[in-house]
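**Q** Sequence:
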Amino acid sequence: MEETRSFGYICPQCGKAVVARRSKFALSAAAAHMECACEKSALRAETDGVKFRLWVPCGLCGETHQAECRAESILEGRGIGLACPKTHQLCCYIGEEQQVLRQMEQLAILAQKEKKEEPEAFTDHVIMYEVLSELKDIAARGGIGCSCGSRDYAIQVRRAAVDLVCKTCGGKLRLPAATDEDLDRLCCQMSLTIKGQ
771 MEETRSFGYI CPQCGKAVVA RRSKFALSAA AAHMECACEK SALRAETDGV KFRLWVPCGL
831 CGETHQAECR AESILEGRGI GLACPKTHQL CCYIGEEQQV LRQMEQLAIL AQKEKKEEPE
891 AFTDHVIMYE VLSELKDIAA RGGIGCSCGS RDYAIQVRRA AVDLVCKTCG GKLRLPAATD
951 EDLDRLCCQM SLTIKGQ
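Everything in the sequence shown is counted per this note's numbering, starting at 771 for the first residue and increasing by one.
Because the hints were derived from the structure by calculation, they are not lab data. It is possible that some hints are incorrect.
[As the list claims (entries may be wrong)] Taking lysine to aspartate or glutamate pairs in the EDC-like style, the calculated list, with each CA pair at most 20 Å apart, reads: (1) 821 / 846; (2) 906 / 933; (3) 856 / 933; (4) 883 / 950; (5) 906 / 950; (6) 794 / 846; (7) 794 / 772; (8) 786 / 805; (9) 786 / 867; (10) 821 / 866; (11) 821 / 838.
Take these sequences, add in the hints, and give me the full structure.
**A** Below, the structure is given as structure tokens:
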């Protein structure tokens with residue numbers, strides 16, 4: 771059976787998750803065009819054999835983003851996520867079909883929340899409050915540090931994420947804070963390590 775890769779994004783027009791499958795051979799041979807059923811958006815992918823250039827419709831901000839990825843990132847491994855430069859949230863996922871379907875489920879929830887809320891509000895107030903509360907608990911037991919050895923950090927709260935920033939080296943750890951899965955993932959952590967620069 772021919773090996774395939776799946777592509778997923780949220781249509782900015784109709785709001786539905788679009789998941790399309792292409793064989794590795796077809797992706798390597800010619801440009802791919804993956805259209806939503808509403809026919810108002812399409813993801814495009816072209817390759818020169820070394821890298822892929824992608825045009826991704828974004829269900830979070832409504833624009834189309836351009837990205838370049840190494841060919842092996844697209845054709846091998848579990849998957850690769852592409853983020854919206856405006857919201858800093860995942861807007862496209864490419865990889866094994868099960869991984870793509872799982873990511874699209876989360877992305878559809880996030881896209882719905884983004885549309886409902888006012889621009890200056892958090893994507894989900896309850897989730898953000900719970901994430902900050904969990905971070906406070908981890909910090910209270912001395913569980914936050916940087917790989918550079920420093921334990922001095924700052925917290926930057928964003929619309930749908932929290933950044934831990936090392937005050938010594940400037941290293942950053944982004945923690946998504948918009949969905950139940952983001953909260954569940956954080957609750958499993960006994961400690962957090964910022965990647966030092």
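**Q** All hints, please: hold or fail.
**A** These are the hints, each one checked on the structure:
With a C-alpha separation of about 13 Å, the suggested pairing of residue 821 with residue 846 holds against the 20 Å cut-off. Distance hint between residue 906 and residue 933 is fulfilled; the C-alpha atoms sit about 14 Å from each other, no more than 20 Å. Using a Cα cut-off of 20 Å, the hinted pair residue 856 and residue 933 holds, with the two alpha carbons roughly 16 Å apart. A C-alpha spacing of about 12 Å is found between residue 883 and residue 950, which places the hinted pair at or below 20 Å, so the restraint holds.
Using a Cα cut-off of 20 Å, the hinted pair residue 906 and residue 950 holds, with the two alpha carbons roughly 18 Å apart. The hinted pair formed by residue 794 and residue 846 meets the criterion: a straight-line CA distance of about 9 Å does not exceed 20 Å. Pair hint residue 794 plus residue 772 holds up; C-alpha atoms about 8 Å apart against a cutoff of 20 Å. The suggested pairing of residue 786 with residue 805 holds, with an alpha-carbon distance near 12 Å, which does not exceed 20 Å.
For the given pair, residue 786 sits about 17 Å from residue 867 by alpha-carbon distance, which is consistent with the 20 Å threshold. Between residue 821 and residue 866 the alpha-carbon distance is near 19 Å, which keeps this suggested pair within the 20 Å criterion. A C-alpha spacing of about 7 Å is found between residue 821 and residue 838, which places the hinted pair at or below 20 Å, so the restraint holds.
Consistency with the previously given hints is maintained throughout, with no hint failing.
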